[in-house]
Structure formats: C-alpha cells, structure tokens
Amino acid sequence: MTKQQFTKIVGIQLLLLCTLLTLSFLGIILFDLFSKGYSALSWDFLSTAPSKGMTQGGILPAVAGTALVTLVATLFALPFGVACAIYLNEYARDHWFTRLLRASIRNLAGVPSIIYGLFGLALFVEALHIGASILASGLTLALLTLPYIITTTEEALHNVPNAYREAALALGATKWESIKTVVLPGAMPGILTGTILALSRAAGETAPILFTGVAFYTRYLPGSLLDEFMALPYHLYILSTQHQSLEQVRPLAYATAVVLLGMVLLLNLSAIMLRIRYRNLWKTSK
Amino acid sequence: MMNRRTFWDRFYHRLFAFAAGLCVLVLLGIFGMLLLNGFRFFESVSLWSFLGSSNWNPSAWGKATYGMGAMLWSTLLVSLGAMVLAVPLGIGTAAYLSEVAPGWVRDWIKPAIELLAAVPSVVVGFIGIVVIAPIISRIFGLSNGLNALNGSILLAVMALPTIISVAEEAIRSVPNTYKEGAYALGANSWTTLMTVTLPACTSGLIAATMLGMGRVIGETMTVLMATGNANAMPHGFFDPVRTITATVAIEMGEVPYGTTHFYGLYALGAVLFLITLIINLLAESIAAKFRKQGR
Numbered sequence: 001m002t003k004q005q006f007t008k009i010v011g012i013q014l015l016l017l018c019t020l021l022t023l024s025f026l027g028i029i030l031f032d033l034f035s036k037g038y039s040a041l042s043w044d045f046l047s048t049a050p051s052k053g054m055t056q057g058g059i060l061p062a063v064a065g066t067a068l069v070t071l072v073a074t075l076f077a078l079p080f081g082v083a084c085a086i087y088l089n090e091y092a093r094d095h096w097f098t099r100l101l102r103a104s105i106r107n108l109a110g111v112p113s114i115i116y117g118l119f120g121l122a123l124f125v126e127a128l129h130i131g132a133s134i135l136a137s138g139l140t141l142a143l144l145t146l147p148y149i150i151t152t153t154e155e156a157l158h159n160v161p162n163a164y165r166e167a168a169l170a171l172g173a174t175k176w177e178s179i180k181t182v183v184l185p186g187a188m189p190g191i192l193t194g195t196i197l198a199l200s201r202a203a204g205e206t207a208p209i210l211f212t213g214v215a216f217y218t219r220y221l222p223g224s225l226l227d228e229f230m231a232l233p234y235h236l237y238i239l240s241t242q243h244q245s246l247e248q249v250r251p252l253a254y255a256t257a258v259v260l261l262g263m264v265l266l267l268n269l270s271a272i273m274l275r276i277r278y279r280n281l282w283k284t285s286k
Numbered sequence: 001m002m003n004r005r006t007f008w009d010r011f012y013h014r015l016f017a018f019a020a021g022l023c024v025l026v027l028l029g030i031f032g033m034l035l036l037n038g039f040r041f042f043e044s045v046s047l048w049s050f051l052g053s054s055n056w057n058p059s060a061w062g063k064a065t066y067g068m069g070a071m072l073w074s075t076l077l078v079s080l081g082a083m084v085l086a087v088p089l090g091i092g093t094a095a096y097l098s099e100v101a102p103g104w105v106r107d108w109i110k111p112a113i114e115l116l117a118a119v120p121s122v123v124v125g126f127i128g129i130v131v132i133a134p135i136i137s138r139i140f141g142l143s144n145g146l147n148a149l150n151g152s153i154l155l156a157v158m159a160l161p162t163i164i165s166v167a168e169e170a171i172r173s174v175p176n177t178y179k180e181g182a183y184a185l186g187a188n189s190w191t192t193l194m195t196v197t198l199p200a201c202t203s204g205l206i207a208a209t210m211l212g213m214g215r216v217i218g219e220t221m222t223v224l225m226a227t228g229n230a231n232a233m234p235h236g237f238f239d240p241v242r243t244i245t246a247t248v249a250i251e252m253g254e255v256p257y258g259t260t261h262f263y264g265l266y267a268l269g270a271v272l273f274l275i276t277l278i279i280n281l282l283a284e285s286i287a288a289k290f291r292k293q294g295r
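So the sequences go chain by chain: A and B.
Counting from 1, one number per residue, gives the positions in the first sequence under my numbering.
Counting from 1, one number per residue, gives the positions in the second sequence under my numbering.
Keep in mind the hints are simulated off the structure, nothing from the lab.
We treat Cβ as the ideally placed atom computed from N, Cα and C, and that holds for glycine.
There's no promise every hint is true.
If you want a taste of the chain B side facing chain A, the calculated C-beta under 10 Å gives, among others [stated by the list, open to error]:
no., residue
1, Val26
2, Leu27
3, Arg215
4, Glu284
Which stretches of chain A does chain B cover? Using the computed rule of at least three CB atoms under 8 Å from a CB of chain B, they are [said to hold, decoys possible]:
no., segment
5, 17 to 30
6, 113 to 123
7, 143 to 157
8, 240 to 254
Listed below are the simulated DMTMM-like cross-link pairs for lysine to aspartate or glutamate, each with C-alpha atoms no more than 20 Å apart in a straight line [stated by the list, open to error]:
no., chain 1, residue 1, chain 2, residue 2
9, B, Lys63, B, Glu251
10, A, Lys8, B, Glu180
11, B, Lys289, A, Asp94
12, A, Lys52, A, Glu247
13, B, Lys63, B, Glu254
14, A, Lys8, B, Glu99
With the sequences and hints as input, model every part of the structure.
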C-alpha cells in the first residue's frame, strides 16, 4: 500500500469518526434521560400537581401551561407568518422594501431568545399592560417562531409549480382566488411541517417566558389567559438548579426532562415523516 | 363601482403587505426598545465604565458598580471554546455526509442531526449537570464540574447542527469540474477533499463557523445551568463563569422596574444583540456569495 492510499483510508475513517461522535451526543442525551427517567414516569406523574414543596406529585400544571402557551403562540404566529410569506412569494417584486423585509426575517431568526424575553417584558407586560401571563408569554413566543414559519411557508409556496397559478388565472380567477383555491392547498403539507417545527421550538424555550409570565409554582391550573403559569422547561430548570433539596428531586427532574424531550422529539419526528411523505408531491406532476 | 371580486383581491393584497410591514416593525421594535432602555441606563452610568470595568455589583449599598468586562470575557471564552470543539467536528461530519456517505446513510443521519438541533436548551443544560459535570470533576480532579469547559462542550453540541448544515451546503456548492480535474490528475478522494474541495469553499466554511458562533453566543439556559455562575473574571476553562445571557436571566427577575439596574440589564441585552447582529450579517453576506457561486 502506498503512503497516499494509507492517508486516504485514515482520513476517510476520521470523517466517519466525526460523524459518529456527533451522533453519539444525541445517543448520550436520549440514553441517559430515558434510562434514568423511565422509572419515575407514571400516569400519576402526568395527571397530578406537585405537592410537598415539589418533592412529590406530578407535573400536570406544567404540561397544561406549556400546551396553552404554545397554542397561543401558534394562533398568533401562524396567520401572521403565512400572510407574510404569501406577500413575499406571491406579490413582492425585488425592491428596497422586499430586501429590507428579507433582511429583517433573517436577522430575527438570529436574535437570541433572551432578547425576545426582554422585548416581551418591555412591550407586552409593561407597555401594553397585559401583565406577566400566558398571553404575554404566548405573544413573545409567537414573535420568536415567526421567522421559522415565514421561511418554511415561503419555501412551500415556492415549490408549487407556476403552471398551477397560470391555469387558475387563465380560468378567470383573480390573484387572491388563485392563491386561496390552488396555491395554498398545494402548499399545505409544507406549511404544516413548518408549523409543527415551530410548535416544538416554542414548547422547549425557557428564556423568553422567564420574565413574561412563567411561575415557580402555581397550585391550580391556569383559569384564564391572564394568569401566570407553570411550564415544563422552566420546571426542569427549577428542579435541577433552584430547589432546596436537589438530590431528593433528581428523579422528578429526570422524569420532567423525559416528558419535555419526548414531546419535542415526537413533534419533530412527525414533521420529518410529513416531509418524507410529501417529498415527491411536485416531482410527479411537473 | 368596483366589482366585488376585485375589491377582495385588492383587500388581500393590502392585508398581506401590511403583515409583511409588521414583520419589519418587530425587528425595528426590538432594536428601538434595546436602544431606548439602554440610553436610560447611560444617563446614570458612563459607557466607558460599563465596557471597561469588570466589577458588576449593582446591589452594593451606596455604591453600585456596573462593569460588564468579566461577563463579556466569560461569554467569549465559553463561545470560543465551543467553536474549537465544534468546528473540526462539524466540518468533518459535513464532509463525510456530502463526499463519502452513500445516499441511504445520509437519509438516516440528517434527520438524526435535526433531532439533535431540536433538543431544548434546558435539557442540554440538565445533561451538563448530570452527565458532563461528574465526568469533568473526575478527570481533572475538581470538586465541581460546573465551569466554562462544561459550557463549551454543551454549546459545541448545540452549534454542531448549524455548522454541519451550512458547511454541507458549502461543500456541495463546489462545482464538480473542480473535483473531476483533481481526479484526472490522479488524486484520490481524500487528497481531492483536502487540497481542492475544502479550500474552494473556505468562505462557506467560515460562514458556517460564524453562524454557529451566533447561535451559541446568545444561548441562555444551557450556560445558566452548567457553568457555575461565578460573577468574577475567569482565568481559564476550569473556572466557573457567568455570561451576559446568564446575568440577564438571573437578575431580571429580582430588579424593580425602572431602576438603573433594570436598564443596565437592557444595556447588556443591547450589547448581546449588537454582537449577534454583526456576526449574522457578516456570515450572511459571506454565505450569499457562495450560494451564488454554486449555481
């Protein structure tokens, strides 16, 4: 074997090693959490409130809070984001406003999540007097997920062949009618995928809700959108760093982590499945 | 009198344009909010002492000090450490995926990397506490494994998906003719990768690195949980550190609204925002170039 062949083999193995190392991080996270959190998981854990200073009981208020706040975020971000994407892909020509818009969206996606938290505190909680609440947190998370929804929706719209639009217009439809009846239905799987990913992002975020409504502990389930709430990620943070007897509540922290990660991974897996299912949607029809 | 269909057509056109305009307003709003609250802070504290001093002690009785030096250095230390770990690993993985792996392997690995990107930062921080910290304290004989090194390892994991996807795109954008030229001269796949393909997409790899950096520098929960949060100048990777993001997260809950301390946290946010904005703008302008090249 020549020296060149030898370095080639070693080099390629090195690349493989990099890939395996990257994947092993995912493996370690999944294995450690699921193997240690499994035993504390039960139906009771999911369906009861924490008790005895959070050393016993379950996480029901946190699950409910996270579900509600994610729902609020999606309700605001989805119509707004889709409208934005429709403007970009269907109407906008290349001029200064479009360029500014695209630059804004790109940079919004790069803004650290805690800055969204500061913004939510200043705008929703203080300036608009909503107060620390599910609504304020939901709106903050809506802003955070907006760039994702816009980007994925725009891509979905972009994938709809132009022939479809032209056919609708040729039949006498106005631009809006062609969008409503032809373009949007065709882009639906892509929009749905993006929305699910945005949901999972919103559900796992902690920093933006830290100052806008999340509570250390609430005794009851939230009664209205203006109540403070418990959330899974924040609960995990509390149980793993802020509780007075950290070692005692470690099993609860593990179980909370499993529930949170399980939820997020399920959402992501379903998005991936959706994408694979509809991957060839336009290939056959082109 | 306008036809009803034409009316709705125009109505929706305006509505979509309005939504798009609001989007721009959000970014400007974030920017304006940080500037406004930051300015209020600099009414009582000089910019020079804010940036130049390392003494952050807002609750000191009578003589509060607001110096962000130690935090800035902590943030850079942890982020640079993360890059040192993540960049070689990320580029190696990207090269494997685009140049070596057969299609079906790639189809399995890419979703796995997406899942890694989806792990919430608070879960990553938890892993830092229960897995990484004990390992660090055992290997290096420290009493406590919550330090800058721990943060760097975790942030490296969080930066990897970004680095891999951008780097892979960059490597793919290298025209096939380059590689064919190298093969025709008798180079094997490894030599081609190292001497032709990677050098041809250096700018894309730099963009990947910077976008990864932009991602980790603003990360909050992970560093808050895993780096020990000591409010002091760190001397190395084994010291506990407190980053800009962690400081905002810890102190915002405790300060009364409208105080100098409150605005000081917004000023910290403004510095963080500017750093990430500059990094992202630079990375995007570099990435835009290689994307054009690839076509």
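**OP:** Given the hint that lysine 63 of chain B pairs with glutamate 254 of chain B, test it: the Cα-Cα distance must not exceed 20 Å.
**Re:** Distance of about 18 Å is within 20 Å: holds.
Subject >> Verdict on chain B covering the segment 143 to 157 of chain A, criterion of 3 CB contacts below 8 Å >> reply: Satisfied; 3 residues make the cut.
Original post:
Between lysine 289 of chain B and aspartate 94 of chain A, does the CA-CA distance stay at or below 20 Å?
Top reply: Given that 20 Å is the threshold and the Cα spacing comes to 18 Å, the pair holds.
Original post:
With a cut-off of 10 Å, does the beta carbon of leucine 27 of chain B approach a beta carbon of chain A closely enough for the hint to hold?
Top reply: With Cβ-Cβ at 4 Å, under 10 Å, it holds.
Subject >> chain B over the segment 113 to 123 of chain A, status - at least 3 residues with CB closer than 8 Å >> reply: Per the Cβ count (10), the hint holds.
**OP:** Would you check the hint for lysine 8 of chain A and glutamate 99 of chain B, treating anything up to 20 Å between C-alpha atoms as holding?
**Re:** Given pair lysine 8 of chain A, glutamate 99 of chain B holds - Cα atoms ~13 Å apart, limit 20 Å.
Subject >> Given coverage of the segment 17 to 30 of chain A by chain B, checked by CB-CB distance under 8 Å (3 or more) >> reply: holds (count 10)
Subject >> Pair hint outcome, lysine 63 of chain B versus glutamate 251 of chain B [Cα-Cα no greater than 20 Å] >> reply: holds (18 Å)
Subject >> Evaluation of the interface hint that places glutamate 284 of chain B against chain A, nearest CB under 10 Å >> reply: holds (6 Å)
Original post:
Taking only the CA atoms, is the gap from lysine 8 of chain A to glutamate 180 of chain B under or equal to 20 Å?
Top reply: holds (17 Å)
Original post:
Taking 8 Å as the C-beta cutoff, is the stated coverage of the segment 240 to 254 of chain A by chain B satisfied by three or more residues?
Top reply: The restraint on the segment 240 to 254 of chain A holds, since 5 of its residues have a Cβ under 8 Å from chain B and three suffice.
Original post:
Is the shortest C-beta separation between valine 26 of chain B and chain A less than 10 Å?
Top reply: With a closest approach of 6 Å, the valine 26 of chain B hint holds.
The earlier numbered hints are all upheld by this structure, with none contradicted.
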